Every structure is written in C-alpha cells, then in structure tokens.
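Participant: What follows is the residue order along each chain.
Protein chains: 2
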Amino acid sequence: MKAALDALGARFGDRIGTGAALRDQHGGGDSWHPAAPPDAVLFAQSTQEVSDALAICNAHGFPVVAFGHGSSIEGQTQAVRGGLSIDLTGMAQILRVSAQDMDATMQCGVTRQQLNTHLRDTGLFLPIDVGAHATLGGLASTRASGTMTVRHGTMRSLVMGLTVVLPDGEVIRTGGRARKSSSGYDLTALFVGAEGTLGVITELTLRLTGIPEAAQAGMFSFADIGQATQTVVEALQIGLGLNRIELLDGLQMQAINAYNGTAHPETATLMIDLTGSAAQVAADLETFADLAAENGATASPCRTPEDYNALWALRHSALYAARALRPGCLSLSTDVCVPVSDLPGIIAAIQSEIASAGVVAPLHGHVGDGNFHLVMLFDPAVPGEQARVKALNERLVGMALACGGTATGEHGVGLGKKAFMQAEHGGALALMRRLKLAVDPKGILNPGKIFDL
Amino acid sequence: MKAALDALGARFGDRIGTGAALRDQHGGGDSWHPAAPPDAVLFAQSTQEVSDALAICNAHGFPVVAFGHGSSIEGQTQAVRGGLSIDLTGMAQILRVSAQDMDATMQCGVTRQQLNTHLRDTGLFLPIDVGAHATLGGLASTRASGTMTVRHGTMRSLVMGLTVVLPDGEVIRTGGRARKSSSGYDLTALFVGAEGTLGVITELTLRLTGIPEAAQAGMFSFADIGQATQTVVEALQIGLGLNRIELLDGLQMQAINAYNGTAHPETATLMIDLTGSAAQVAADLETFADLAAENGATASPCRTPEDYNALWALRHSALYAARALRPGCLSLSTDVCVPVSDLPGIIAAIQSEIASAGVVAPLHGHVGDGNFHLVMLFDPAVPGEQARVKALNERLVGMALACGGTATGEHGVGLGKKAFMQAEHGGALALMRRLKLAVDPKGILNPGKIFDL
Numbered sequence: 001m002k003a004a005l006d007a008l009g010a011r012f013g014d015r016i017g018t019g020a021a022l023r024d025q026h027g028g029g030d031s032w033h034p035a036a037p038p039d040a041v042l043f044a045q046s047t048q049e050v051s052d053a054l055a056i057c058n059a060h061g062f063p064v065v066a067f068g069h070g071s072s073i074e075g076q077t078q079a080v081r082g083g084l085s086i087d088l089t090g091m092a093q094i095l096r097v098s099a100q101d102m103d104a105t106m107q108c109g110v111t112r113q114q115l116n117t118h119l120r121d122t123g124l125f126l127p128i129d130v131g132a133h134a135t136l137g138g139l140a141s142t143r144a145s146g147t148m149t150v151r152h153g154t155m156r157s158l159v160m161g162l163t164v165v166l167p168d169g170e171v172i173r174t175g176g177r178a179r180k181s182s183s184g185y186d187l188t189a190l191f192v193g194a195e196g197t198l199g200v201i202t203e204l205t206l207r208l209t210g211i212p213e214a215a216q217a218g219m220f221s222f223a224d225i226g227q228a229t230q231t232v233v234e235a236l237q238i239g240l241g242l243n244r245i246e247l248l249d250g251l252q253m254q255a256i257n258a259y260n261g262t263a264h265p266e267t268a269t270l271m272i273d274l275t276g277s278a279a280q281v282a283a284d285l286e287t288f289a290d291l292a293a294e295n296g297a298t299a300s301p302c303r304t305p306e307d308y309n310a311l312w313a314l315r316h317s318a319l320y321a322a323r324a325l326r327p328g329c330l331s332l333s334t335d336v337c338v339p340v341s342d343l344p345g346i347i348a349a350i351q352s353e354i355a356s357a358g359v360v361a362p363l364h365g366h367v368g369d370g371n372f373h374l375v376m377l378f379d380p381a382v383p384g385e386q387a388r389v390k391a392l393n394e395r396l397v398g399m400a401l402a403c404g405g406t407a408t409g410e411h412g413v414g415l416g417k418k419a420f421m422q423a424e425h426g427g428a429l430a431l432m433r434r435l436k437l438a439v440d441p442k443g444i445l446n447p448g449k450i451f452d453l
Numbered sequence: 001m002k003a004a005l006d007a008l009g010a011r012f013g014d015r016i017g018t019g020a021a022l023r024d025q026h027g028g029g030d031s032w033h034p035a036a037p038p039d040a041v042l043f044a045q046s047t048q049e050v051s052d053a054l055a056i057c058n059a060h061g062f063p064v065v066a067f068g069h070g071s072s073i074e075g076q077t078q079a080v081r082g083g084l085s086i087d088l089t090g091m092a093q094i095l096r097v098s099a100q101d102m103d104a105t106m107q108c109g110v111t112r113q114q115l116n117t118h119l120r121d122t123g124l125f126l127p128i129d130v131g132a133h134a135t136l137g138g139l140a141s142t143r144a145s146g147t148m149t150v151r152h153g154t155m156r157s158l159v160m161g162l163t164v165v166l167p168d169g170e171v172i173r174t175g176g177r178a179r180k181s182s183s184g185y186d187l188t189a190l191f192v193g194a195e196g197t198l199g200v201i202t203e204l205t206l207r208l209t210g211i212p213e214a215a216q217a218g219m220f221s222f223a224d225i226g227q228a229t230q231t232v233v234e235a236l237q238i239g240l241g242l243n244r245i246e247l248l249d250g251l252q253m254q255a256i257n258a259y260n261g262t263a264h265p266e267t268a269t270l271m272i273d274l275t276g277s278a279a280q281v282a283a284d285l286e287t288f289a290d291l292a293a294e295n296g297a298t299a300s301p302c303r304t305p306e307d308y309n310a311l312w313a314l315r316h317s318a319l320y321a322a323r324a325l326r327p328g329c330l331s332l333s334t335d336v337c338v339p340v341s342d343l344p345g346i347i348a349a350i351q352s353e354i355a356s357a358g359v360v361a362p363l364h365g366h367v368g369d370g371n372f373h374l375v376m377l378f379d380p381a382v383p384g385e386q387a388r389v390k391a392l393n394e395r396l397v398g399m400a401l402a403c404g405g406t407a408t409g410e411h412g413v414g415l416g417k418k419a420f421m422q423a424e425h426g427g428a429l430a431l432m433r434r435l436k437l438a439v440d441p442k443g444i445l446n447p448g449k450i451f452d453l
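If you're matching them up, the sequences are chains X and C in order. Following the numbering used here, the numbering of the first sequence begins with 1 at its first residue and continues without gaps. Following the numbering used here, the numbering of the second sequence begins with 1 at its first residue and continues without gaps.
This is chain X alone, in the form it adopts within the complex:
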C-alpha cells in the first residue's frame, strides 16, 4: 500500500488526498451498507489521468473504485478492500451533440440533469429518469433505468459506445455512432452494468430522443393493488403510448402526502404519463381512463403543465418520503423485476409477509417493466430489526427468481445482492468470474462487488 501511494503521489502530487474527511466522503453510497473508506482519493480530470492511475494501481495490486455522486444503493462505491477511489465528477464536459443523428458524447461525470439542460434548445433529451442525482458513468455502470424504461429502454439500449480504461491502464473504445452493428463482440454491453469491476468508463456516446409533441399525465387510485396491476397488464397489451406507468401502494402514498404536504387518496395508485402527438395522447388517455375505471379506479388527471410537473416531483420524492416514515432509521431499498403477469401474486405474497413481520415497507415501482421497490425501514439500534428486513428481502428475491425474474431490475448487485447471484445465474456465474479474470487478472477493480473471486 505504501508503495502504491508513493507512486500515485509521484504522479499526481497533492491531488492524491488521504485526509479522513475526504476518504469518508468516498466510503459509501446512498444505502444501509456500512461505509468503507478508501485509502486515498484522486479527483481525475481526464481519461489519461485515469489511465495513469490504473496502471500504477495495477502494478501494485492496489484496489480501485470509480466514484461519481455516490448515489448507488447497493454498496457499489464502498471501498471494502481499501485502495484508491477515483472521483470522476470533475470529468463533466459534454463533448459533442448531433441534433441530426440524435446522439451525444460526454465525459462520465456529466449528470443526466446537466445533459438535459445542455440539450434544451435541440428538442432532444436523454430518456433516463431516475430519482437520484447521478453521473452518466455511474448510471451506465449499474445498467440504470428509471421511470421511462417502459417506452425508451434502459442504459443498456441507450449507450451506443464507451471509452473505457482497462485495469492495466490501456484505453479502449467500444461501439461507435452507428445505430446498430454486428461487428464483433458487444463490449459496450459487457461494461454497462459491470459496476466498475471490468474497467472505468470515462466517456459515453448516448442515443437521445425527441421531446414529444404532447404529454399528459394522471393519477389513478384503486381500492387494492391487484386492480392496479391488472390495469397495467391490460394497458401494456393494448399498446398505449405509455411513457411512464408507476405503481405506489397506500403506505407509499401516505408517506408522500406526509412528506410533501399533499392530500391524495392513500390507496394503491398508478401514476401514468402518455406521450406522442396531441391527438394520440388524448385518445390514449381516454382509453387508459376507461380501463382504469373498469378496474374501479378514481381518476385525477393533470390539467396543467404545473400539475404535470408536480405529479412527477411527487413520484421522485417516493424514496425520501418513505425514509421519512421512520426518521433515524436505515432503509433497505430492494429492487426485484418479474414478468408483469406475476406482479399481482408476488406483491400480495410479500406484503402479507411484511405485515406479519410488522415491518414498515412502502412500495413503489416501474410496473410497466415488472420492476418494483420496497423501502424496508429498520432501526439498526433495535436488535432483530435488520435481520427481519434482510429475511424479507431474501424471501422476495426467492419469489422473483422462482418466476423467471431477477434479483435486481436497476439498482445493481454491489454488496447487497451478491448472496443471490448463485441462485439467479447458476453456472453462468462461473463464466462471469472467468471473464473478470480475463479482463482484470489482478482483481484490482472494485473488488468484492457482484461476486467474490
């Protein structure tokens, strides 16, 4: 370690920080996992600097964790084996936008908010809508998605190409600016979702989307969650122009009302967003309202752009509102994704177990994809509470895997979902390990995440 820090110091001087406060700031994400500070922090300014840092760390077998805005939920940025945290927030330049081709290239530290602000005059935007203030490098590394996936896909489909620094410092480019390619192995897809265990993403080329001519949103309140999920299944089958279709249970609505000072019905709720031409959106909204009404819903359409924005701000407050239900507690925010037809059964089953266990766990999610979150609150000071929510999480993941679903739809594996990888992937997990060893033979990149070697 001493030799590694000396070599880094020789290259970067006092830009290698080892102060306790700085290390603590880079020791965790937005999660219940215990902080694990790195031994040092580098604020990288360029791909070349990342390359130099990795070459030094690789030579010394010194771990490296890529760090953005620290919003990861499953412990992805904890430096569990120490080493160097490379803070990439200083690499925040947007390098190129092509309005004609609807794509853009940027450094990894750009946030989606920054990109969309930059794009304002082009009529384009990046259709990734997550609650967190996250860097695009981080969103790519966890294969993130958010509320608009039902229409626009995840980072898997939006990333066209990457600049990646390999563990030994070599810089490669994957993909490119073509909308599709059959040219060799899909390295872009290999790095997207690898959580920084195979390389450090320093630049991204992303496909953008035109801002739709019209958008209308509405809130639909149901007597029970089964009616809400039934409406989702029906709406997806008709092929409406759904841009978002979000489910929140009664407890989550209660939390949102308390957090935001609103007074919406505190029952199972769908928040939907329809986009397209004005005529199509109006027609689709009517169709959706009919479907929802047949399933017993009460509708609260958004009548103004302010209403529309307020609705989605409410939705994005869900995690913070959920946490505020039990101030001072921690939250295990779990994240399974299942075939949509399995949603009603699995939600009913886990909510019954949650009730029996006496756990407070509001539910919200992107149910058009079959993805939902339970924010399971626990007081770490109360014996047994953490174990209880971990057991519920394990039950939920088990149910999701049993119906062909996945342990994580968008949060990634990090530390929190590692234990489920064998059950989910079987023999494929060993192949992931072989790939890891082929790309990072010394195992310096984000060690201890996704799986142990």
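There may be inaccurate statements among the hints.
Same chains, same names: a pair is fine if it fits in one copy or spans any two.
Said to hold, decoys possible - Think about it this way: if two alpha-carbon atoms lie no more than 25 Å apart in a straight line, the pair counts; the simulated SDA-like pairs of lysine to any residue are:
#, residue 1, residue 2
1, Lys442, Leu429
2, Lys418, Val171
3, Lys418, Ala438
4, Lys418, Arg173
5, Lys442, Gly427
6, Lys390, Asn260
7, Lys442, Phe12
8, Lys418, Thr163
Just so you know, these hints were derived from the structure itself, not from any lab. Fair warning: this is a prediction, and the values are worked out from it, not measured in the lab.
The hints should help you fit chain C onto chain X, whose structure is shown.
Facilitator: Chain C alone, transformed into the frame defined by chain X:
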C-alpha cells in the same frame, strides 16, 4: 480427427454423417465465399446432444460450427478448419408463449416465419423482418435486424435470455424473463452477435410485440438519392411512427421491376411503413407525404392490404433481384451502417467510385438506422472483377469507419469483414481475443471467424 470422429460415432452412431453431399450442404452460406465443408455433420435434437458433442470435440480439439438454414452472408458457416457442423434445424420446438407478458421461449432452430405463424392467434409477433429464411439461433448469433429495426430494435434488444452450450459441454442460462435486469454481467449480449465463437445457442427467450391496430405503407420516388436521404433525416427528427423506412436506388428499382415484372419508377425510392392507431397512422402518412413532396417526391400509396403485402414482398426480393441483373455472377453484398446524417455523402461518394470502376452494384437498405447494402456483382471467371469489388468494399468500409460507423450493421463479420476489425476496434479487438480465450481456450468454436487468435 480420427479419434474425434470415432468418439462422436460411439455417442451418436450413424447420426454422424460424413457423406460428401451432406458435408457439401453444410460447407457454406449464401455468399461469395468459397465453400469449406466440415469433416462430419450431426443433426442435433436436444441441448443435451449439443452438450455431449461439444464435450467430445473439445476433448479432441476438434472444431465445431453451428449450422441453421445456411443463410449467412459473410461466410459464418464455412467450416474453414474442418471439424463438426452441428445442424440445429431439428431443434424447432416453440416451448412457451406468454401472451400476457409478450414473450416466448423456443429452440434455436425455429425460424421467425414459424414463430409468427405459431403466434397468429395471440395478436403478437416478433418484430424482426429479414429477407432470409433463417433460424432464430442464427439471427441471434449474427445480431441480425432487418427492416423494422428503426422501430423495434435488433436481436440485441429482443433477446431476453438464452440457453448456451459452452465449448466444454457445460450448459448455462443467461438472462431470464424480466424485462430488464442489473444483475451481473450481460452474458446474453455477449453471445448475441458472437457468431458461434463463444458457445452454441440452443434456446432463446424473446420479447414480442403487439400487432399494431393499423399499418399503412407507401412508395415515394425521388429525382436523386440525396433528396430521399434528406427526407429520411427529417422524418426521423419529427418522430413519426415509422415501422420501416427503406431506401432503394434507381438500379435496384430497375432490378426489382425486371425480376418481378413490375413497372415502378426506376429512380431513388423510399418504401415506408407506418404503424399505430388508425388515426395516428393516417396523420403520420400525411405528414410524411408532405415532407417527401417538399423534397420533390412522387407518391404511390398502398391502398389495400394486398398492395401493402405486395410492396414488402417487392422489398424482400431486392437481393435476389439484384443478383439476377447479372446471371451466373457472384455477389458481394456489403453492409455498412453510419450516422444517418452521413448517408447522403457516403452514398454519393461510393456510387461515384462504383460508376468509375464500371461495377454493377444496386443499393438498398434500412436507412432509418443508417444501414445500407450494395450488392456488388462480379464474374469470378473474369480476371480482375473480384478484386475490383473487394477494393470498392474496402473503400466503403473505410468511409463508414471514418465517420464513426461500423463495417457491418447486420450481416456480421464471418470471413468477409475480418480484415476490417483492427481498423474498427483498435485495442478493443485484443480484448475480444482475450474473452474468446477465456471462454473457449482450445479455440474449437467456429475458428477463423470474426478474428484469428
């Protein structure tokens, strides 16, 4: 080789064929590349049989080539180092369809035509529309796409999960039935497009799409190809409900008329297909017709379902019609993909070189993605003709790479595009080789394709 064949014979008996006719049938695809027959052919009936065959071949270092309907264009199925060709057309069972979740699981030998026929009563279909009669395993292995990519994506986005036999015979499953996942490395994407060099795909889970309420198509004839591509760029930016937008040049239209006995204008032509609700489609068609008219087009809308089907049958005759321009010749059907804004320049540049070289090379393509084909005809008996088309192909790929495009949008690399991999991928090509060695250390799977080790 003798030992490998003996071991295969001991396991499969007379189902291992070594007759010359059978081997010749499995020695090539639909391309100008010389046939290269395998030493033996196995008609596999199950994943277990594929697994047993691979275990035997791996133990003996005996090459294996997966074979479907032999429609690959770049020499993917040529057994250039001999070995065993595994014919997978007997694995043609559709195992499961979920209308509610809009997905299905099937064996690798199912064709898309067979799947769509099977789905007829569900209101669903697989939105992959290629000209060839190909197996879904083959379409996945070349990351195929076709005419509907502009709306529905390629096999990359439609494959949700795979069953794959690894070189040593181990059977793994990748992905699953969740619409999205952040659970570990994207192994599905690794095998899609790997052209059988990393594993043999034996089952696929695919996402399906609802048959749209309405569809309307039309043909638009332009004075020159620049006006046609300009119309494409404008139509994409408005965000019309384009399901297909296909470009054909005047020579290609001449070939189509001659081949089909039709009398359409023999100028640069766009064939478009709009899908959605009846009202939306009608509105979008009008918008598109206005755009095309502003760019000087003459419109021939399809007025009946018969017209609609006839139009797309014409389009799918393009390759065969092109070849019929010079009976007895071979065709190098190249396949670059570039940013859409670069289409007009690159097409003008290459067509000027084609004209100078005196080569007959009709053009058609999926220009909504920036992907187009030139069917370069040559007489192998005439000295210099083959060299001339190969030089033009090289020029074209060079231009595509120079603007951030790719050497192949959908045909894959096989033998035909190998020479361009270093120029396209740079250092990333070495990483592909490392992955290949990690997965297939003995190099038995489809050796000599994509790159040499």
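Participant: Take the hints in turn and mark each one as holding or not.
Facilitator: Status of each hint after checking the structure:
1. In this assembly of identical chains, the alpha carbons of Lys442 and Leu429 lie at most 25 Å apart whether taken from the same copy (19 Å) or from different copies (21 Å).
2. When the C-alpha separation of Lys418 and Val171 is checked against a cutoff of 25 Å, the pair qualifies only between copies, where the shortest distance is 22 Å, while the shortest distance within a copy is 29 Å.
3. In this homomeric assembly, Lys418 and Ala438 come within 25 Å of each other (Cα to Cα) both inside a single copy, at 20 Å, and across copies, at 23 Å.
4. For a Cα distance limit of 25 Å, the shortest separation of Lys418 from Arg173 across copies, 18 Å, qualifies, whereas the shortest one inside one copy, 29 Å, does not.
5. For the identical chains of this complex, Lys442 and Gly427 are neighbours both inside a copy (23 Å) and across copies (20 Å), given an alpha-carbon limit of 25 Å.
6. For a Cα distance limit of 25 Å, the shortest separation of Lys390 from Asn260 qualifies neither inside one copy, at 29 Å, nor across copies, at 66 Å.
7. For a Cα distance limit of 25 Å, the shortest separation of Lys442 from Phe12 inside one copy, 23 Å, qualifies, whereas the shortest one across copies, 43 Å, does not.
8. Taking the closest pair of Cα atoms, Lys418 and Thr163 come within 25 Å of each other only across two copies (23 Å); inside a single copy the shortest separation is 27 Å, beyond that limit.
Figure legend: structure checked against the earlier numbered hints; the only hint not met is number 6.
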